[in-house]
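S.K.: Chain by chain, the residues run as shown.
Number of protein chains: 2
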Amino acid sequence: MTAEIVSVGTELLLGQIIDTHAPTMARILADCGISCTRRVTIGDNMERLVATLRDALSRADMVVTVGGLGPTQDDITRDGIAVALDDELELVPELEERLREIFSVRKIKWVDSNLRQATKPKSGTAIDNPNGTAPGLICEKDGKIVIALPGPKNEFNPMADGPVRRYLERVQGGQVIHSRTLRICGIGESAVEEMVKELMQGSNPTVAPYAQPAEVHLRVTARAASRAEADALIDPVEERLRTILGSAIYGVNDTTLEAATLEMLRERGEKVAVAESLTGGWLGMRLTSVAGSSEVFVGGAITYTIPLKESLLGVSKEILDGPGPVSEECARAMAEGARDRLGATYGVSLTGNAGPTSDDGSTPVGLVYLGLATPEGVEVESVTFRGQRDDIRQRSTQWALVKLRDKLLGR
Amino acid sequence: MTAEIVSVGTELLLGQIIDTHAPTMARILADCGISCTRRVTIGDNMERLVATLRDALSRADMVVTVGGLGPTQDDITRDGIAVALDDELELVPELEERLREIFSVRKIKWVDSNLRQATKPKSGTAIDNPNGTAPGLICEKDGKIVIALPGPKNEFNPMADGPVRRYLERVQGGQVIHSRTLRICGIGESAVEEMVKELMQGSNPTVAPYAQPAEVHLRVTARAASRAEADALIDPVEERLRTILGSAIYGVNDTTLEAATLEMLRERGEKVAVAESLTGGWLGMRLTSVAGSSEVFVGGAITYTIPLKESLLGVSKEILDGPGPVSEECARAMAEGARDRLGATYGVSLTGNAGPTSDDGSTPVGLVYLGLATPEGVEVESVTFRGQRDDIRQRSTQWALVKLRDKLLGR
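These protein sequence lines map, in sequence, to chains A and B.
Each step along the first sequence adds one to the number in our numbering, with nothing skipped, and position 288 is 288.
Each step along the second sequence adds one to the number in our numbering, with nothing skipped, and position 350 is 350.
In case anyone wonders, no lab produced these hints; they're calculated from the structure.
Quick reminder that beta carbons are idealized off the backbone N, C-alpha and C, glycines included.
There could be a bad hint or two in this list.
Claimed, not checked - Pairs of lysine-lysine, BS3-like flavour, derived with a Cα cap of 27 Å:
| # | chain 1 | residue 1 | chain 2 | residue 2 |
| --- | --- | --- | --- | --- |
| 1 | B | K107 | B | K122 |
| 2 | A | K403 | A | K271 |
| 3 | A | K107 | B | K144 |
| 4 | A | K197 | B | K153 |
Said to hold, decoys possible - DEER-style ranges, computed between Cβ atoms:
| # | chain 1 | residue 1 | chain 2 | residue 2 | range |
| --- | --- | --- | --- | --- | --- |
| 5 | A | M200 | B | E90 | 34 to 40 Å |
| 6 | B | M46 | A | V171 | 27 to 33 Å |
| 7 | B | P356 | A | T243 | 32 to 38 Å |
| 8 | B | G314 | A | E376 | 31 to 37 Å |
| 9 | A | N253 | B | S316 | 42 to 48 Å |
| 10 | A | M195 | B | R227 | 47 to 53 Å |
| 11 | A | P323 | B | R170 | 55 to 61 Å |
| 12 | A | T20 | B | T125 | 32 to 38 Å |
| 13 | A | T125 | B | T2 | 48 to 54 Å |
| 14 | B | S362 | A | R240 | 26 to 32 Å |
| 15 | A | L89 | B | A225 | 50 to 56 Å |
Unchecked claim - Part of the chain B face toward chain A, derived, beta carbon under 8 Å:
| # | residue |
| --- | --- |
| 16 | A126 |
| 17 | G143 |
| 18 | G284 |
| 19 | Y304 |
| 20 | L342 |
| 21 | R386 |
| 22 | D391 |
With the rest of the complex left out, here is chain A (with noise of 0.2 Å):
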């Protein structure tokens, strides 16, 4: 089975954002064993998606466009799937309730050009779409699949991952290219491969390393012809990665660090806080992305300016005066302050110059202190990154996870 993929976009076509959607898609795909042949981009133009549309229709089994649902002018995926499949376009009043209900929720005026929201061709299927106005289609005509998908991303990625992947597995049936990701922190992403790479050799099951942000993953992926025997063919792979990188796998397919650093907290009975300088909050905010993470952590001090590293977390004048509130002693106290104010078993904190100017002249953009206040005692390092703002930002954060992971592995 084979399909293309259609982005419809202008202000994707022009480069304006990045295309990650069909990207997502094409994996999902190769999940489900269907082969996606061709990605194509096009811009708000119907002559152009409708020529398109029949042209990847006329090659493959299976189209999946993304973008274009939306009840404006310049959202036309859904008539253009309609021309191209010599279908009709029918107004479903379920649909229509449903969107005049979320309309009048959020307190937002009724414009009829939302109608447009609640059609969908003959042949068609409307997807839910819980996070938005716009549903998503599966057409099924003349022997031909066509699939719509929104284009925002909290929409596009539940519905693409949920329902449409689900229906891609009953449709396709037979072999199932299956992976699993072990996520590893701590170790580059050039360490990792020389570590692993007469694993990457085989090709049944492949293993490969994609760079994240501040971390690894290994993909490693089977072809079988159940999601079973693809597991059955993936576990000694992975016992044997296990078994080289060791504990510096800290997860398995969607795991975060900050989840996985949560969960081994949780299992131990312990909370941390946070002290947030230069992240002013961007810990803290990783940390409660995972649910239920109120059993562990308890919350923190965004201590941006100087006085309120004094009254919130109790960082002394001599100290601020002295060393400044970018220093190995502003770090220790700041941690010390998490900790002991915040009642917490561990006090993390982060004090720095994220840039792009230094304040005072005396300390390097990008240079961090992380101090980590423990049942035991404190202990503070420091590192210099390098990039912009919120690049060093969003590094500082993975690091002070990655380091309390290591304190909660005796490392």
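The hints should help you fit chain B onto chain A, whose structure is shown.
M.R.: Here is chain B on its own, set in the frame of chain A:
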């Protein structure tokens, strides 16, 4: 003049890496006044490559390929272009000499498969590649142009933005396409479109809306002989849009809502502090993403658990035991606590239930209270957001920024 971009590479097609080169190339084409009408991604397959190139050349004046110029068997672009143009490859002695020299300097063993990188179609001119072994190509034949660029980022970027950009400017001879983006908050996409639909009928400049998470961007694009002339066409349209949308336009081009809001505070000499529960630091993280934010943003309290709402912000036991942490009363006390205890002109609080489940069964998932403490008193509002945990959290931070900005505007 029209162009299509063809990205070549199985790893791109399967979504294993994200294609950022095609967007870069599309922006360069637009800068030079060349319309990019389609982008295609195909794998390392000669038959499909030739068919795709011929197809693209039948429609467009120019085709730009990215990737597949290296020495391995997978690198088929050079051969594919020769076939598609009915041309022949020839070995270029100077290219061979340069290649052999690179290998000798780098002390890498020469293998004859490298000779492929010293060939070019007879109709083509090689583009020097100071950062790698594979030269680029510009072919002009039968009134069509084919440009081939290498895939590695450090080779692609300087070649695309250097010799290729200069070549495009020369063949195009003048016209530029220039855009300005007006950023709007607090109004939905379809309402914005309804308000400005008359201006969306224009052809030069064009006006097009783009929905972003919780905001709308209006992109005004003009074609003219120079950037200055394009700006002169855009200016009166911006003026009319500002008359219609008023202060809902918070910024232009890259200005974020957090940057615009902080700038308003800075001009007034006022400061803001945050008290975050469900967002866990996200609002603080956004505010501190702006360079120089410490002049205006004092800090915040991440009171993720109930005891910290009391100890850091002074929320009373009566409120926490009565209406509870997700309540109008708690949002009010949190905002007051942030303003008074952290020492700011404005205190912004967010408390709510981000899901996936309701902690106590009484607060629905997505219910969020926003408190805004000002010198004149405290206001509290509530909204119920739909979506995943992080959507609800992100929308909450956006809502807080919109409401703070409204307050500064006297609304």
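S.K.: Hint by hint, note whether the structure agrees.
M.R.: Right, here's what the structure says about each hint:
1. Distance hint between K107 (chain B) and K122 (chain B) is unfulfilled; the C-alpha atoms sit about 31 Å from each other, more than 27 Å.
2. Restraint check: the Cα-Cα separation between K403 (chain A) and K271 (chain A) comes to about 15 Å, which is no more than 27 Å; the hinted pair holds.
3. For the hint linking K107 (chain A) to K144 (chain B), the alpha-carbon distance of about 54 Å lies beyond 27 Å, and the restraint is violated.
4. As the CA atoms of K197 (chain A) and K153 (chain B) are separated by approximately 24 Å, the hinted pair is consistent with the 27 Å bound.
5. Take M200 (chain A) and E90 (chain B): their Cβ atoms lie about 37 Å apart, and the range 34 to 40 Å holds.
6. At about 30 Å, the beta-carbon gap between M46 (chain B) and V171 (chain A) stays in the expected band of 27 to 33 Å.
7. For P356 (chain B) and T243 (chain A), the Cβ-Cβ distance of about 35 Å falls inside the hinted range of 32 to 38 Å, so the restraint holds.
8. A hinted range of 31 to 37 Å holds for the C-beta pair G314 (chain B) and E376 (chain A), which are about 32 Å apart.
9. Separated by about 44 Å at the C-beta atoms, N253 (chain A) and S316 (chain B) satisfy the suggested range of 42 to 48 Å.
10. A hinted range of 47 to 53 Å holds for the C-beta pair M195 (chain A) and R227 (chain B), which are about 51 Å apart.
11. The hinted range of 55 to 61 Å is satisfied by P323 (chain A) and R170 (chain B), whose Cβ atoms lie roughly 58 Å apart.
12. The beta-carbon spacing between T20 (chain A) and T125 (chain B), approximately 35 Å, falls within the hinted interval of 32 to 38 Å.
13. Roughly 37 Å separates the CB atoms of T125 (chain A) and T2 (chain B), a value that falls outside the hinted 48 to 54 Å.
14. With their beta carbons about 50 Å apart, S362 (chain B) and R240 (chain A) fall outside the hinted range of 26 to 32 Å.
15. Evaluation of the 50 to 56 Å hint for L89 (chain A) and A225 (chain B) yields a failure: the beta carbon distance comes to about 42 Å.
16. Residue-level restraint check for A126 (chain B) is violated (minimum Cβ-Cβ distance to chain A is 26 Å; threshold 8 Å).
17. For G143 (chain B), the suggested interface contact is broken, since its CB lies about 22 Å from the closest CB of chain A, more than 8 Å.
18. Proximity of G284 (chain B) to chain A holds as hinted, the smallest CB-CB distance being about 3 Å (cut-off 8 Å).
19. Checking Y304 (chain B) against chain A: minimum C-beta separation of about 4 Å stays under 8 Å; hint holds.
20. Proximity of L342 (chain B) to chain A holds as hinted, the smallest CB-CB distance being about 6 Å (cut-off 8 Å).
21. For the restraint placing R386 (chain B) at the interface with chain A, the shortest Cβ-Cβ distance is roughly 6 Å, inside the 8 Å limit, so the hint holds.
22. A hinted interface residue such as D391 (chain B) counts as satisfied when its beta carbon comes closer than 8 Å to some beta carbon of chain A; here the least separation is about 5 Å, so the hint holds.
Of the hints listed earlier, those the structure fails to meet are numbers 1, 3, 13, 14, 15, 16, 17, in rising order.
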